[in-house]
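Asker: The primary structure of each chain is shown beneath.
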Amino acid sequence: MTQSFELPVDKRRDVLDPVPELLELNARAPLFRPPGGMPHWIVTDREVVRQILADAERFSSMPPPEPDGRKPDPHPGSLLQTDGAEHSRLRRLVAPMFTVRQMKAMEPMMARIVEQRLEVLERAGRPADLMRHFARPVSGLILAELIGLPRDDLSELSRLGDHRASGHSPRRHPATSEYVGHFRKLAAAQRRDPGEGLAGMLIREHGDAVSDEEVAGICESVANGSIENTAETIGLGVLALLCHPDQLALLRERPALMDRAVEELLRYVSVVASVSPRTALVDVEIGGELIKAGEVVSCSVFAANRCPYGGDDGTADRLDIAREPGNHLALGFGVHFCLGAALARLQLRIALTGLLERFPGLRLGAGVEELRFRSLAPQFGVETLPVLW
Amino acid sequence: MADTAHTADTAHTADTAGTADTARVGIRVDRDSCVGSGACALFEPEFFDQSEDDGLVVPRAREAGPEALPALRRAASRCPARAIALVPSDGQGSAGWDRSD
Ligand code: SF4
Chain H
1 MTQSFELPVD KRRDVLDPVP ELLELNARAP LFRPPGGMPH WIVTDREVVR QILADAERFS
61 SMPPPEPDGR KPDPHPGSLL QTDGAEHSRL RRLVAPMFTV RQMKAMEPMM ARIVEQRLEV
121 LERAGRPADL MRHFARPVSG LILAELIGLP RDDLSELSRL GDHRASGHSP RRHPATSEYV
181 GHFRKLAAAQ RRDPGEGLAG MLIREHGDAV SDEEVAGICE SVANGSIENT AETIGLGVLA
241 LLCHPDQLAL LRERPALMDR AVEELLRYVS VVASVSPRTA LVDVEIGGEL IKAGEVVSCS
301 VFAANRCPYG GDDGTADRLD IAREPGNHLA LGFGVHFCLG AALARLQLRI ALTGLLERFP
361 GLRLGAGVEE LRFRSLAPQF GVETLPVLW
Chain D
1 MADTAHTADT AHTADTAGTA DTARVGIRVD RDSCVGSGAC ALFEPEFFDQ SEDDGLVVPR
61 AREAGPEALP ALRRAASRCP ARAIALVPSD GQGSAGWDRS D
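Just so you know, the protein sequences line up as chains H and D, in that order. The letter at position 10 of the first sequence is residue 10 when you use the numbering used here, and the numbering goes up by one with no holes. The letter at position 72 of the second sequence is residue 72 when you use the numbering used here, and the numbering goes up by one with no holes.
It should be emphasised that the hints constitute simulated quantities derived from the structure, not laboratory data. Please note: incorrect hints may appear among the correct ones.
To be verified - So the derived list for chain D, only partly shown, Cβ under 7 Å to chain H, looks like this: (1) Gly38; (2) Gln50; (3) Asp54; (4) Pro59; (5) Ala61; (6) Arg62; (7) Ser77.
We put the CB at the ideal spot given by N, CA and C, even for glycine.
Required output: the full structure, derived from the provided sequences and hints.
Answerer: As structure tokens, this is what we get:
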């Protein structure tokens with residue numbers, strides 16, 4: 001449909017489903033070498049993905065060299081692109097701020113933002129774009145409150161984010177340095193006058209033990225990991241429910257299923273198709289193949305979550321909001337497991353609950369075949385989602 | 001490291017371990033591995049909490065009765081850092097589903 005043929009197989013989807021080619025590759029072997037270039041390996045098998053993500057000793061998360069061989073720029077404070085002791089140090093600076101309890105304390109703030117955006121969505125009139133009026137602002141505004149980012153920065157950041165998402169090599173995109181610059185300014189301003197958000201809290205609690213560059217890097221990682229992931233999960237999650245009227249009806253009938261529904265939607269839509277690449281530090285034999293030291297491995301959590309696997313009950317590809325929440329990989333696995341997991345889960349719950357309560361007649365405002373998807377972005381998603389009620 | 005994946009998963013799937021299911025179960029957490037994901041505290045708050053200081057897991061009990069086994073196995077299997085282990089409660093002998101490394 002909208003996807004162009006040169007997209008790598010792990011980035012392609014048939015609306016919400018894995019393309020047949022991905023299913024075939026997964027059935028044939030746990031991992032395979034895509035033709036040419038990077039990554040050297042794509043892993044689709046659930047167990048092998050788990051093994052690799054759990055093995056931070058043999059698989060590094062430092063960014064691999066660019067296709068032209070250039071070394072990537074260092075990225076202080078980046079939680080995703082550090083290893084070992086440095087990663088633990090960073091993670092331990094911020095983990096206390098992302099506990100389930102801390103997030104619950106922010107529930108009233110999140111609920112207020114969701115309410116406001118529901119008003120805006122309703123006023124926008126039918127059909128309204130759920131992404132523009134609801135999903136993106138909800139996740140952006142919550143994140144801004146959490147970090148302590150001035151609201152005015154949001155439109156600029158989302159513009160830069162969109163540019164990066166549309167590029168083939170986001171790390172080299174000019175919008176990227178502007179984006180990073182934005183967080184550096186935030187860190188410097190917070191150093192002078194630390195506020196209530198994450199940036200101010202890091203500075204107040206750790207003083208000079210954490211540099212401005214690191215504060216900027218941490219806030220940027222948190223923003224990167226949150227804004228689009230949550231917005232796209234809300235969008236695709238709503239689309240998945242609207243495409244499965246029986247599941248939607250069940251959720252309306254039994255709102256207590258919401259926590260399970262959130263977990264199932266995270267798994268089912270897996271907006272991050274493949275987690276950030278790992279590089280083998282030594283030769284590793286895994287899944288019947290030899291990954292050589294220096295080779296780059298891309299773990300497809302979408303495939304791992306949606307393709308049949310050994311020991312699965314044959315329902316991995318089905319949306320079942322009532323299923324017992326399992327150990328899906330949508331939020332990662334191992335030491336780099338999503339720092340904002342509690343944040344994401346709570347936001348999704350509040351956003352979906354609010355949306356379903358406000359619009360009892362919620363339905364798609366366009367045919368599924370008319371929707372355009374973000375296939376190149378680090379997070380898969382729908383560009384616009386017209387809804388009626 | 002990879003091996004523990006199997007044991008953890010087995011712990012989750014071998015739900016019908018027969019006689020073991022009548023024994024009390026010891027709950028062990030490895031705070032060095034915990035990444036503070038909160039999955040345990042969110043889904044099984046009866047048994048797990050997170051510390052205010054470092055965000056890492058704090059078990060609410062050292063052991064539980066056999067009726068808690070399914071919930072505890074799910075928690076162990078969901079933990080993204082494999083930081084939760086179920087061991088035979090002291091004096092109960094060994095059971096087939098532990099990860100007593
Ligand atoms: S689920 Fe595991 S990693 Fe997450 S807080 Fe509990 S013990 Fe720690």
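Asker: Honestly, which of those hints from before does the structure not fit?
Answerer: 4, 5 and 6
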